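Colleague: Reconstruct the complex from the two isolated chains, following the hints.
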Amino acid sequence: SAVISQKPSRDICQRGTSLTIQCQVDSQVTMMFWYRQQPGQSLTLIATANQGSEATYESGFVIDKFPISRPNLTFSTLTVSNMSPEDSSIYLCSVEDLAEDQETQYFGPGTRLLVL
Amino acid sequence: AQSVTQLDSHVSVSEGTPVLLRCNYSSSYSPSLFWYVQHPNKGLQLLLKYTSAATLVKGINGFEAEFKKSETSFHLTKPSAHMSDAAEYFCVVRGNTDKLIFGTGTRLQVFP
Chain A
1 SAVISQKPSR
11 DICQRGTSLT
21 IQCQVDSQVT
31 MMFWYRQQPG
41 QSLTLIATAN
51 QGSEATYESG
61 FVIDKFPISR
71 PNLTFSTLTV
81 SNMSPEDSSI
91 YLCSVEDLAE
101 DQETQYFGPG
111 TRLLVL
Chain B
1 AQSVTQLDSH
11 VSVSEGTPVL
21 LRCNYSSSYS
31 PSLFWYVQHP
41 NKGLQLLLKY
51 TSAATLVKGI
61 NGFEAEFKKS
71 ETSFHLTKPS
81 AHMSDAAEYF
91 CVVRGNTDKL
101 IFGTGTRLQV
111 FP
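Chains A and B, in that order, are what the protein sequence lines are.
Under this note's numbering, the first sequence has 113 at position 113, and the numbering climbs by one with no breaks.
Under this note's numbering, the second sequence has 6 at position 6, and the numbering climbs by one with no breaks.
Hints may contain errors.
Stated by the list, open to error - To spell it out: a stretch of chain B is covered by chain A in this simulated footprint if at least three of its residues, at any positions, have a beta carbon under 8 Å from a beta carbon of chain A; those stretches are:
{"id": "1", "region": "36 to 44"}
{"id": "2", "region": "94 to 103"}
Unchecked claim - No more than 25 Å apart at the CA atoms, straight line, and that leaves these computed lysine-lysine pairs for BS3-like:
{"id": "3", "chain 1": "B", "residue 1": "Lys99", "chain 2": "B", "residue 2": "Lys58"}
{"id": "4", "chain 1": "B", "residue 1": "Lys58", "chain 2": "B", "residue 2": "Lys42"}
{"id": "5", "chain 1": "B", "residue 1": "Lys42", "chain 2": "A", "residue 2": "Lys7"}
{"id": "6", "chain 1": "B", "residue 1": "Lys49", "chain 2": "B", "residue 2": "Lys99"}
{"id": "7", "chain 1": "B", "residue 1": "Lys69", "chain 2": "B", "residue 2": "Lys99"}
{"id": "8", "chain 1": "A", "residue 1": "Lys65", "chain 2": "B", "residue 2": "Lys99"}
Said to hold, decoys possible - Just the calculated beta-carbon pair ranges, DEER-fashion:
{"id": "9", "chain 1": "B", "residue 1": "Ala53", "chain 2": "A", "residue 2": "Leu114", "range": "37 to 45 Å"}
{"id": "10", "chain 1": "B", "residue 1": "Ser3", "chain 2": "A", "residue 2": "Thr56", "range": "36 to 44 Å"}
{"id": "11", "chain 1": "A", "residue 1": "Cys13", "chain 2": "B", "residue 2": "Thr104", "range": "23 to 31 Å"}
{"id": "12", "chain 1": "B", "residue 1": "Met83", "chain 2": "A", "residue 2": "Ser59", "range": "35 to 43 Å"}
{"id": "13", "chain 1": "A", "residue 1": "Asn72", "chain 2": "B", "residue 2": "Pro18", "range": "44 to 52 Å"}
{"id": "14", "chain 1": "A", "residue 1": "Gly16", "chain 2": "B", "residue 2": "His82", "range": "43 to 51 Å"}
{"id": "15", "chain 1": "A", "residue 1": "Thr20", "chain 2": "B", "residue 2": "Ala53", "range": "38 to 46 Å"}
These aren't lab readings, by the way, just hints derived from the structure by calculation.
These numbers come from a predicted model, not from an experiment.
In this text, a Cβ means the ideal position worked out from N, Cα and C, and glycines have one as well.
The following block holds chain B by itself, in its conformation from the complex (with noise of 0.2 Å):
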């Protein structure tokens, strides 16, 4: 069975600083994995995806993530936050069934 676990539920960064924020995942065959964003009041937006093509995806804002099959993880990185990504960010795996599967959620704060 697939799952994706998020490691940490909060995250404080200040502006400017480099964003991480974790993810492993769980998989019997090579996955697709994504990143989803929520800002406050609003639905979710697709950042990136992996889908068993180039191990480092660039997503939308400046982000990017790397798929490592021998650590089992789909990291999500930005060189320096902007306080404009203040948000909860998910990360995603799709199962077998093709159904998504979806993380606990990291809820990112910027101090400025």
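Same shape as in the complex, but just chain A (with noise of 0.2 Å):
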């Protein structure tokens, strides 16, 4: 399976302030995802990101607040802007290959963040 680093691995910001995660990849993979895991909870999908076009937002999440980029198929990264006290969470991005296994996610590490 691919490996998958994300950087920051943890940060501290103050409210009002945008951070932004970066996602890489061993290898060139045809989906990439971000999720949100709030404090306690499961994991919710933010958007698909996709290489080249604008990414593909759930329900619940806009552009405004997080914009994604994906320049390539092995880069992506997700900001999230204008942060307050309830963006506190662990920011996951995961990989999927088609050409592989068309089943399967695969995560990264995390990016674990607080808002104070």
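Modeller: In structure tokens, the structure reads:
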């Protein structure tokens, strides 16, 4: 399976600021996704990062708050904009390679964000 | 619509005893089902998956799960718990839109 890294691994930010999270994969993958895991909760899909086009957002998530880029098949960024304490969560990227395994998503280690 | 229910939010076992983490799913067609594990301060690791092949699926670290269509269940088991198994476990169903739908998680505690 692909090796996925995320930067930063954790951060503490002030409200009103923005943070960009990077997700790097060691091989080209078809699909990349971003999830949020709020404290003590399960995972919620934020959006699908589409290479070369705008991301596809789930209900309740908007581009102005969570802009996403995916310039190539190995890299994506998620920005958490104008942060508030409610944005304190773990943000995880995941990948799926339709050429290798159409069913399975593999997850990065996550970025732990605390907003004060 | 697809959904998944993890019947226990917490499970506690003694080291060396069997583990059973229960999961029921709802799906209008034959689903793909997964178990992921999340150790403290770590990302999610795939334990095993069912994708319409053998109903008894063996995963990593001695875990296995059995797909029972008649009971709409996909329970995770391990014959003998180890201290390192203490973690959060998520049962996941792949929906008809190919999105993953996560259960609420089961926290497994293992006592010496």
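Colleague: Next step is simple, just say for each hint if it's right about the structure.
Modeller: Structure-based check of all given hints:
1. 36 to 44: holds (count 5)
2. 94 to 103: Result for this restraint: holds, n = 5.
3. Lys99(B) with Lys58(B): holds, 23 Å
4. Lys58(B) with Lys42(B): holds, 23 Å
5. Lys42(B) with Lys7(A): Within the cut-off at roughly 14 Å; holds.
6. Lys49(B) with Lys99(B): It holds: about 15 Å lies between the C-alpha atoms, which stays within 25 Å.
7. Lys69(B) with Lys99(B): Since the Cα atoms of Lys69(B) and Lys99(B) sit roughly 21 Å apart, the hinted pair holds (cutoff 25 Å).
8. Lys65(A) with Lys99(B): Within the cut-off at roughly 22 Å; holds.
9. Ala53(B) with Leu114(A): 37 to 45 Å: holds, 42 Å
10. Ser3(B) with Thr56(A): 36 to 44 Å: violated, 21 Å
11. Cys13(A) with Thr104(B): 23 to 31 Å: holds, 27 Å
12. Met83(B) with Ser59(A): 35 to 43 Å: holds, 40 Å
13. Asn72(A) with Pro18(B): 44 to 52 Å: holds, 46 Å
14. Gly16(A) with His82(B): 43 to 51 Å: holds, 45 Å
15. Thr20(A) with Ala53(B): 38 to 46 Å: At 40 Å between Cβs, range holds.
This entry does not satisfy hint 10, going by the numbered hints stated previously; all others are met.
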